[in-house]
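J.: Model the full structure from these sequences, guided by the hints.
Number of protein chains: 2
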Amino acid sequence: MSTRERIVDAAEQAIREFGISGATTKRIARAAGCSEALLYKHFDGKEALFLAVLLERMPALAPALARLRLAAGQGDLAADLTRFVLAALEFYTRAATIASGMLADPSLLARFRHMLATTNTGPHMPILSLAEILAAERRAGRTDPGLDPGAAASLLMGACYHRANLSYFVDPPDKDEDWAAGVVAAVLRR
Amino acid sequence: MSTRERIVDAAEQAIREFGISGATTKRIARAAGCSEALLYKHFDGKEALFLAVLLERMPALAPALARLRLAAGQGDLAADLTRFVLAALEFYTRAATIASGMLADPSLLARFRHMLATTNTGPHMPILSLAEILAAERRAGRTDPGLDPGAAASLLMGACYHRANLSYFVDPPDKDEDWAAGVVAAVLRR
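Chains as they are written, first to last, in full-length UniProt numbering: chain A, 1 to 190; chain B, 1 to 190.
Calculated directly from the structure, the hints in this document are not laboratory data.
Treat the numbers as computed from the prediction; the structure is a model and nothing was measured.
Just so you know, even glycine gets a beta-carbon here, dropped at the ideal spot from N, CA and C.
Just to be clear, a hint being listed does not mean it is correct.
Label pairs and their calculated CB-CB ranges [unchecked claim]:
1. A:Asp171 - B:Ala37: 45 to 51 Å
2. B:Asp76 - A:Leu128: 40 to 46 Å
3. A:Thr121 - B:Ala66: 36 to 42 Å
4. A:Glu177 - B:Gly22: 37 to 43 Å
T.: Printed below as a string of structure tokens:
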């Protein structure tokens, strides 16, 4: 395993054990068996390292979006969207500790925000991707012609993100599968 | 101003300056001009104190829900819901630092989760309240008869919560007012 991989693994483990604020580069470097200087050779800072954990170690949204895009124009749209909603819920649930830890740490957040702005990316991208897919489905006549793809994507991704966060505070009253089918049906109105 | 009020003010200020992890009871007690022992007489722990800040010092969801309930059955439902969505967005934006700080701190989260379970409350309650209001509007014939009040409430509250959190990482591409009107229209389909 490369040094970089060992560092990402150690960071994931440290976040799980100690939370973002306790996952220091000192602790991560020691667990990865390297110096802090070497860690900083691979990652500009904690924000870049934590982003790597998010994108490389969590069940990612990108594959779920790719599956949805591949299935566009065929099959059962409601069933495909429900599967996607469950994948997004799982991703946001796993990502919640890192995302919240970044948001709650003013200086880490400022650096992360700057990094996102310079790379022209961010956590809003999945909404845009889902909106594109829904627009294609509408053009193919597979949704209500009155569907607003941007609003529908904002609602669906938001509902997943919110439920993922809520589940840390309270047990949801309903099963994930039933909930997912319900929000998809409400957006598609079919 | 009572000691309790001074403590809640000091806690709000400390969270804003230092984040949840830096808002220690020692620091808060000193700023409030009281001992830590007196602070603990008023609040069982940080989790109870931070909940008081959330409920007593932030523009709360409860008044916005009450306004919506009062307006039920009359006036322009889409306009009223859009106003409510903007109020929820503002609340979640202000509450994000505290909510994220709790979620990112494993031991604080465990105590907060326990406190919520014993008081039978939690951050999911606004979804249930909004669902009740939407069910009443549907009974009054003011929505599509096919509207699913629970799913619609989950989608709307989720979209607000998500956008509030996203705004800490990236600037939204659209205006809050336009976005709010769009998600409400997508849920009501009118």
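J.: A separate judgement is required for each hint: does it hold in the structure or not?
T.: A quick look at each hint next to the structure:
1. A:Asp171 - B:Ala37: 45 to 51 Å: violated, 35 Å
2. B:Asp76 - A:Leu128: 40 to 46 Å: 30 Å Cβ-Cβ, so the 40 to 46 Å window is violated.
3. A:Thr121 - B:Ala66: 36 to 42 Å: Holds: the Cβ-Cβ distance is about 40 Å, inside 36 to 42 Å.
4. A:Glu177 - B:Gly22: 37 to 43 Å: Given a distance of about 40 Å, which is inside 37 to 43 Å, the answer is holds.
The structure shown violates the earlier hints numbered 1 and 2.
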